[in-house]
Every structure is written in structure tokens, then in C-alpha cells.
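Q: Here the protein sequences come in this chain order: A and B.
With positions in the first sequence counted from 1, the corresponding number in my numbering is that position plus 4.
With positions in the second sequence counted from 1, the corresponding number in my numbering is that position plus 4.
No lab work stands behind these hints, which were simulated from the structure alone.
Careful: at least some of the hints might be erroneous.
When chains are identical, the list treats them as one kind, so a pair holds in a single copy or across two.
[Unchecked claim] Straight line, CA to CA, 20 Å or less: simulated PhoX-like cross-link-like pairs of lysine-lysine:
1. LYS70 <-> LYS182
2. LYS102 <-> LYS118
3. LYS251 <-> LYS102
4. LYS215 <-> LYS269
5. LYS229 <-> LYS208
6. LYS102 <-> LYS229
7. LYS229 <-> LYS182
8. LYS219 <-> LYS70
9. LYS208 <-> LYS182
Protein chains: 2
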Amino acid sequence: MPSAVANPRPSAVVPQTGEAARRAIRSGEWTGPTSGLAPGYVQGNLAILPAALASDFMRFCQLNPKPCPLLAAGAPGDPRLPSLAADLDIRTDLCRYKVFRNGELIDEPTDLGKHWRDDLVIFALGCSFSFEDALMQDGIELRHITCGSTVPMYRTNVPTTAAGPFHGPLVVSMRPLKPADAIRAIQITTRFPAVHGAPVHIGKPELIGIKDIMKPDYGDPAPMKDDEIPVFWACGVTPQSVVATVKPEFCITHYPGCMLVTDRKNSEFAIM
Amino acid sequence: MPSAVANPRPSAVVPQTGEAARRAIRSGEWTGPTSGLAPGYVQGNLAILPAALASDFMRFCQLNPKPCPLLAAGAPGDPRLPSLAADLDIRTDLCRYKVFRNGELIDEPTDLGKHWRDDLVIFALGCSFSFEDALMQDGIELRHITCGSTVPMYRTNVPTTAAGPFHGPLVVSMRPLKPADAIRAIQITTRFPAVHGAPVHIGKPELIGIKDIMKPDYGDPAPMKDDEIPVFWACGVTPQSVVATVKPEFCITHYPGCMLVTDRKNSEFAIM
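Build out the structure end to end from the sequences listed, making use of the hints.
A: Structural data, given as C-alpha cells:
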């Protein structure tokens, strides 16, 4: 969910690798957001759930890979995700978290020291930063980035596939593109199934239950020109919105814009 | 150009390989059209020009690979294209031809015996049959096939890149598709750059100079439903229309619907 917390030290040197980014975050030198940090390295959405819910949530991700591309899952009580970074400790390596009890926000801490439990399971999910990086490298203009705003996101009338208590509508992000760029963007993002992959919809917002494209449910409206069409990708807000509906006894997510920064490169996730 | 000549022997056994198809055509057993013949084998558009124009035309194809995907070119005076089929003789292996002198149609023969010249150069260009085969294998409905009509084609306001005397507008074919099928169709046809490849445009016909989608310049209108968007591919009629503009001293093309059937499989032309 690419929202933002103002970084109080904008003059700080921007860390250029995943490891340097985590070190700066862990030490409190970098307080967020993570957009623009460690260019080329994969950033992820975070969800942490009690083990009792973990297998249903993992099944939910497997059934809905486009909104919930699972990069890694932890063992119960284990704060590490060595497949994403050898030194990663989920309790200290994000700038800020949101902690929920029975669906209610109870804390927005900068570390999880006092909230960590022996039964918690970490889920790291792919995020649109990775494919946006590939689109921009190809010279495609992304309106929300040009405008310095958050990408517009919409709750659709498309249901996800339920698993245990987890169910709810697909949330999509929208980027207005010229038709030729839309075709190129489909080609490029198809190469990145681990970070949402190809769009789920193109043109005709009303077909997926979007009444007014200028009134997103999350994020900011994106100005659309006459020679552009709306292109919709499955969005990592989907699992957050689904988890919120379930009101789990306990749950932790990243704070919007403060993503998990890994040692994996975006290019590693290209399938060809 | 997938138009049609009625085959006078509809009860004839349909040849299942490229070689069997050419043999049936050569002997007069099969008189056209070639749609449905030799399923899975590449069929091509044909253009034959005097050697004096050949290098400009080849350069035109190289500059405009989406409308003019060159599968093979012959040596001057040589009626063979061994890279497409060992036994291929262009003078006898198509059901019917169109012969033009100074831009005027002078004959529609079933063989080229009396028209062949020592300076003629053959050009075989990829055709949409190949990618339509891949789309249908994926379960995507193609409206013009459902309707038993010719795909609608439009002269656009998009110029091709000129080479020597060859220049003119891009001609596109249009297939109405549901948004999810449109995305899938872009993915599938991207794999086939040798047979027109990915679409060149999607949605908003007016952006490429199409005033009325129900009034194609060639072929038949394709009924479009409310939940569909128009998807446009570069069309093999482009080089035919460009060659017609040049009014070459001499020129031969295939008769609409009577394509060159080769021994190459469509699947060989998938890049991944």
C-alpha cells in the first residue's frame, strides 16, 4: 500500500541496498517512507497473524495469487525470513507497524519488541513497487508518481476465493495509460507474477463495480487524459482489507508506505 | 487477408499437414479457401514483385515488422522457398492468385505458369491465422469466426515507415474481447512476433482515425457487446494496400483466403 509517512530526515543519505536500508531503519536513522530506498530491491507488504489462522491465510494467498503474491512465510514464533535476507528481523526492520486486537488498531509502534509472541507467523507479500520500477525503466509514465500522490485503489465487485474465515472483494490499483503503453505494460508486468503480475482488468471500470473512477476507495484520484484508458492491477490492499474483515484476535501489518525492504532484486522475480 | 472462395468440394477430406495441403492444391483437388486446412501449420500472405522493387520492399518489411512479418524471401527468379517447405513451388502451390499490371488486376489464375518471370522475387509474410489458432486453443472466442464472417479491417491514420516508393497507412484488424480475454490475448500474441505479434492498439478507435467501428474498410463488421473492448492488431492487408498504391509495373498476390500453406508449425514461431 504505497502511502507515506514523512521522513523527518529528508537530507539523510538514501540507502542504496536492501541491507543498508534495513540497517538504517533498525538503528532509527531512517524512519520512513521506503519509496525510493534501495532502488532495484524488492519491497514487500507485511501481514503477521497467530499460528491458529496461518494455514487458512496461506491457503488464501495460494488461491488468490494476483492480489496476494506470497514472497515468504515464517515458521511460528520465528521473526526471521532468511529467504528474503539473512539478517532480517521482522521485529525491528520496518520503520513503523500497525497492531490490531480484535480488528481494532491498538498501536503504531516503530518496533515490535513488546508485541511479539511465540505463535506469530510472518507473511511477506509482493508489492507494486517492483513492477512500477520495471514500467518506469521502460519509459512509461505513472501518473500518481508524476503527481506525487498515492495510486488510486478501488474495492471491486469481484470476489476473492475464500479460505477459512478469509474472504472479501478484490481491491485493485489503477494507472491511466495510453493504449500503446497499456499493451507494453501488460507485457512487462506479465514477467513479474510474484509482484501482482499482469493487470486483471482494462477499460470499462463499471464492469468490475467501479462507479466513479475519480473517487477511489483508497489513495488519491489520478487525472486521466482523453487519449488514455484505465488499467487495473490486483492490489496488496486486498489481503489487508480481507484480514480487517475477519477481525482476528491479534494481527500486525506494516504502516502504509513503510514496507519490508529485502535483499532480493526485482529482476530476480522476472520469469523471463 | 482471411476472406473466402467457396471450395467446390466441401465433402473432400481436409488435408491435415502442410505437405498434404499443398499436394491437394497442386493437383487441383483442393481449390480453396485454406482456412481450416493443415491445422497447426503456418499459412502465409504472398507478395511477388520484380527484382527492381525487391530490396525496397524487403526494407519496408524490416521497417514495419508488425504489419509485414517476413517469413521468407526468394532469390530472383526462384519459385522455391525451401525454408518454409522443401517441395514448395510458388507457381502451383496456392489455390488462386491475383496478377496486377501497373496496379490493374489482369488475371486471377489458379497457377502462375504463364505469368512467371526470371526476375520475380517471392515474399511470404506471416498471417493472423497463426495467432488466432493460439487464441482459440486458449478458449478465447473470436467473433468473426463465431459469425462465419471475415475479420473487420480498418485503414488507420497511423503511417507506416516508408522505404523507397512503399508508404501508406497501417491497416489493422479488430477483434472485440472481454477485458480479461484482451489481457490474455496480448500475452499470447506477444509470443508470436513472426505473425503480427502483440496488438498495436486497444480501446478508443478514434485515436487511430477509425470513425465508425461498425463500418470497416475491409471485411465484415463484428458485433461488439457492452462488456467488450476493441483490440487491434497490425494486419497483412497493409503491405497489399501499400503495394497497390505504388502500382508496380508487375505484381502477384494470393487470392483472398487462399494462403500459402507451409510445413512449419505455428508453435515453432512462439518465442517462449
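Q: Take the hints in turn and mark each one as holding or not.
A: We went through each hint and held it up to the structure:
no.: 1; hint: LYS70 <-> LYS182; result: between (23 Å within a copy, 19 Å between copies)
no.: 2; hint: LYS102 <-> LYS118; result: within (13 Å within a copy, 83 Å between copies)
no.: 3; hint: LYS251 <-> LYS102; result: within (14 Å within a copy, 72 Å between copies)
no.: 4; hint: LYS215 <-> LYS269; result: neither (37 Å within a copy, 46 Å between copies)
no.: 5; hint: LYS229 <-> LYS208; result: both (15 Å within a copy, 12 Å between copies)
no.: 6; hint: LYS102 <-> LYS229; result: neither (36 Å within a copy, 45 Å between copies)
no.: 7; hint: LYS229 <-> LYS182; result: within (9 Å within a copy, 23 Å between copies)
no.: 8; hint: LYS219 <-> LYS70; result: neither (23 Å within a copy, 38 Å between copies)
no.: 9; hint: LYS208 <-> LYS182; result: both (15 Å within a copy, 10 Å between copies)
Of the numbered hints listed earlier, those contradicted by the structure are 4, 6 and 8.
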